[in-house]
Amino acid sequence: MAIELKMPALSPTMEEGTLAKWLKAEGDTIEPGDIIAEIETDKATMEFEAIDDGVLTKILVAEGTENVAVGAVIAEMSGEGEEASAPAETPAPTPAPTPAPVAAAPVVAADPSIPAGTSFTSTQVREALRDAMAEEMRADRRVFVMGEEVAEYQGAYKVTQGLLDEFGPKRVIDTPITEYGFAGIGSGAAMGGLKPIVEFMTFNFAMQAIDHIVNSAAKTNYMSGGQMRCPIVFRGPNGAASRVGAQHSQNYGPWYASVPGLIVIAPYDAADAKGLMKAAIRSDDPVVFLENELVYGRSFDVPDMEDYVLPIGKARIMREGADVTIVSYSIGVGMALEAAETLAAEGIDAEVIDLRTLRPLDKGAVLDSLKKTNRLVVAEEGWPTCSIASEIISVCMEEGFDDLDAPVMRVCNEDVPLPYAANLEKLALIDPPRIVEAVKKVCYV
Amino acid sequence: MAKKPAARKAPAKRAVSKTAATNTASAQPAAPSEDPDFILHSLQEEFEAAKSFNASDEQMLEFYRQMLLIRRFEEKAGQLYGLGLIGGFCHLYIGQEAVAIGLQSALDNDKDSVITGYRDHGHMLAYGIDPKVIMAELTGREAGISKGKGGSMHMFSTEHKFYGGHGIVGAQVALGGGLALAHQYNEDGGLCLAYFGDGAANQGQVYETFNMAALWNLPIVFVVEDNQYAMGTSSTRSSAETRFHRRGTAFRIPGIDVDGMNVLEVRAAAEVAFKHVREGKGPVLMELNTYRYRGHSMSDPAKYRTRDEVQEQRENFDPIERLKKTLVEAGHDEADLKVIDKDIRKVVTEAADFAESSPEPEPSELYTEVLVEKY
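In order, the protein sequence lines correspond to chains C and D.
Heads up: the first sequence runs through residues 7 to 451, numbered per our numbering.
Heads up: the second sequence runs through residues 24 to 398, numbered per our numbering.
Next up, chain D with everything else stripped away, as it sits in the complex (with noise of 0.2 Å):
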């Protein structure tokens, strides 16, 4: 697991209790407070039985593949924002790559819809839209996804029914519950997949949201990426209760508590809480353990924590080393794998170049956009 060795998880964590809901009042399946049945663990139970996903040879390329590109692409704006060429905020995914992909991959990309914070490049790169529209948008370039009025934290892609890209902390869950009101609404059956930190996670319209999306049964996928810090404060210092999966405990909301930091496992869980959730059962609250390598944003004065933390993650919990690990036990050849990187490198050079030769928008764009009608 990729934690801390602080010990801000009690061992007790995994004693899964079996406490079922007292109240058998009603025989109908009416209001969910009445719901029987409610057991706030199960969905754990039904992970924990089958719990890394048993990818093809095909898949683990894929998955490896996708993350490396995260990986690169982060490293590629970093280097950009320092030579100036990236500018305000800019918040980079690196060391979380194995959320995005692990539970993107089981997404059904005709139907769900996917939303997120600020921390967004890497949930678009998960989607497969083209590194080099995100890159321009983040340098602020006429061909950018939000032709160069959005900027790192604002991006989306209705094409891809990934809905950005929020920059206030938590907004996004709430949108997302309108999402999944949507897909219930159209009957189209998708769900929506919200994303949110372990700091978003205190805001109060995040509570506001899980009531709802319980009472109203809403197809929604909430996932906490607890990366440990909220900016600079860790989770044990900003949050009573840091096991984030229990915190839908009070709406009857099932959790599910899974190692973010290892691909095969995420996908595991999205399975899981997929299932649950497109058999009309609602919503799902995943904590995804995680762990930011760069800081919160490129201000960071990296004070909260000290180098040797970082560097025990990256050592002992890198996602990307550890799927590695696993490809070359299941054969692959490590050279092969370099040209994999080599390959991504090359696309990720190409996007940073198409981002700072592309022309910065036209001052007419100033104004157009602002309503979508003339009145």
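Chain C with its partners taken away, still in its complex shape (with noise of 0.2 Å):
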């Protein structure tokens, strides 16, 4: 019987990859541990290995291919001691459709920043993390970079990918195991003069070193009078990923946003990305900056600026609508947006804001929304407690209480530690339905 061979998921948020070389051609004998193919992902390129005796009998996917999905068959192989029989009429199949980045909306307020005719590449938002941080570093020689991996293997996410050929081992650090450590190496060299970026491999393990981001970084100027500063950048992806259970799937968001004397910033698309990661690094203020995971891959339009740097603080309007607003930020923007086209489908108008950074807060920005549609949800990748939600909610009900026309509602992930099991995760994060639903809500529909 003929063995098939799938495309291989190679990372937990591998959704489709590229088909880089055939290492074996169709009629090669295949034994367990041959290396069939390379596979590229999302984050490196890795080696398909062979798992079965017997005959490769069909390629199905040419060498080059790029978006092939998780799960196509590429190749089939005869079994050990069948005849290798004739290569089967099977048409090759396309490669599945990419799973729709989700589309970004037409921004419909562009960033006054931009000037009229500027033109714009599109870039993934890992990649416009990197442009950002070596736009940063050519421009000032106390930038540099240190982490785990970010380094010789090129960034565990890809995100400092050709930092270290550019800028050599003194710039790009790769450091041990030892986030506590390594954050309080990186402050101290912030208070003696340097402007770090210290990486965490996720924001799941600056839970090791949260003492020196609080302790250490955010007091320190009000604790000396204004004597002794901590310009530091620390950056990772934070928030759910995919399937990586609960010690990897957190949002930590609020809990930096509660702390006085950091700058929190969590971006969506990868124009944001870049313009507030410039801004981050030229800060004289530590910077929390919350990256996610899921959306490292995702494409946007950046625009073609030698030098976009954004403000911090400023919340940006994604999609004007007259109805009701959803505030969100990350990887919820997107959710907020689609339930945006949905909600558009069914006659509500939805104003989209995202938040772009937690603290300082933009609160003009929801007030000024809330004023003008009257009715407002938070989406949240992200626990209900004490959240953001809660935060917006209470700005609200203090500041706007008079332009609400309906309770505000918060959609967030469920109130537990996040599952492994495909089907429980799906149930516990938020989605486009949830969003739309509780917009329906404060809509009285």
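In case anyone wonders, no lab produced these hints; they're calculated from the structure.
Honestly, I wouldn't trust all of these hints.
[Said to hold, decoys possible] With a straight-line Cα cutoff of 16 Å, these simulated EDC-like cross-link-like pairs (lysine to aspartate or glutamate) come out: (1) C/Lys320 <-> D/Glu396; (2) C/Lys176 <-> D/Glu210; (3) D/Lys347 <-> D/Asp359; (4) C/Lys30 <-> C/Asp40; (5) C/Lys12 <-> C/Asp58; (6) C/Lys27 <-> C/Glu69; (7) D/Lys397 <-> C/Asp290; (8) D/Lys74 <-> D/Glu294; (9) C/Lys378 <-> C/Glu326.
If you follow the hints, you should be able to join the two separate chains into one complex; please do so.
Below, the structure written as structure tokens:
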């Protein structure tokens, strides 16, 4: 019986990949352990290894094919001792359609800092972050990057890819797995006049280092009466990834946003990632920069500007609308935009606001929008209790009460540690239908 | 030696082992783990060979004056605390003066940086920072060095390259590693002197920092001020290895064991340690054996040790009295030394008056300096 070789999933978030190279040809005998092909994922190039004996009878996906969905049959083998049957007449499957990265909805309110006539380049979020760091490293020799696997490995999520080549090991420093220690060393280096970018492989591991973020970095300027600064960027992916279980899936936005002395940024798209990362590096204050693994691979237009820097603390209207406001940040923005499209089809015109910075919070943008729509929903990929959503609701109560035609609602993850099982994980996390449902509630439809 | 009678350190303590690392596989000076010449006790031998700093008369008088300033300042701080003028936590340095004075006198003040924990008044005074602004910080006044917003544990002087003043036990060790990284990065020739106590020596981040400091060859001198008690827990009750200078062994950091109650010995050890670091040979771990006469903080119940123990240390090992004896032996008149004490008492009284009369911070200061920039 023919053995189907399927496109493997080589990382928790991989949904598709490029079939970079076939290392075996049709008719070749295969033994377990043989490397059959090279597959490129969004993170790395990996080898695809055989686990069965047999003969490679048919290659179904040509080398160089991009966007091959995980699970797609890429080749067939005859089992051991079988006659290699004539190549089946199956048509080569077309690569599965990309699981559409949430269509970046038309940005109605273009950033005023982008001059008319500026061209744009489609850029992945991870590339935008890398570009921002590289530009700032070129401009300021005090800026350097440190963290686990940032140099020779090229970044656990490829965000620091290429930096070692350009800037060398003095400015792109691989650390041991020792978060508390290197967060402290980074903070000390910042106190000593440098501008470190400390990458946490994920913010889950920053829990080991949170003492330095909160006690050393955030409070120094205040405790020293303005004498001693700590200009540092702590960055890395935050929030749920994909099927990595409870200890690797948590949104720390609300945690850090409650600390005076910190700047907390959580961008959604590539242009914001770039413009805000540059601003974060330039800031004289300590910045917690929360990225999202599931968004790293999404592409968005980034303006072709020599020095694209965005203001910290300014929200952005991602979609203008008249009936209801959906406030979100990070990955939630994509869901909010998707929900807004669904709602539009049903006659509800939603405005979507991306907070972009969680501390200081752009209360004005939220309240202005509320004044216009009189209804508000907060969508947050994170736990509901003591969340950014709670904070926004509090702001609406205290400062926007007279504008409210309905209670503000929050759409958050379920209040449980994130489970592993695919179905349970899906149940626990927010999604566009839940946002749609909440919007309908506040619109009383 | 300023040691408790208890046999907390085995007699073999001084037996210097010469076990060289056996890894000679690589001829290249590559990773620290491949250095064939690493000898843990090499610096100890060098130190033992010239154990007492050959100080000039002028230097000795300066050490005496500085140590006395710390002593009198701290005594006054204790008084002000009793009067309710100083609040919160207040950790006095009385008994440990020789450590900060001996070490910091060997620094290059234009280049080197210092960082310590919460028992920081002495280190600031050792730098020559005005006692008035330190005392005014203790009383929480506008004229304090941190504008009254830091307090006893959070004082800094970037002008003097003194980076605090840190209240989280052990945090200053990692931060010190970062200061050392900045020295190396900027190629400014400076080193970082990072102080911590025998209690902090059990924090995990200390060893994370040892590892990276050795791995990256950072210019840092780690100083364990072993005053024998982590709050009320004696080091024998808290530490499996109380010979703290050996704690760098696993990271190939050479250690030096020093009598921290003898300022000339401290200074001699500093010469050896700083030279090693300045020559680019990586970090050194110094153990300064000392003794704290007062409680851990002002609210110490003093139930964990006897009065006799404290008394014995004061009588036999007091760093100021010991230096005084040396000075008298060198021909100084006790009356002249009394004059120094009198002058210092005056300076301290002025500092206390200033700290009491200086106004409290303006209420508007509550909101300043939370962030550097406006957003």
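Broken hints, by number: The structure breaks none of the hints.
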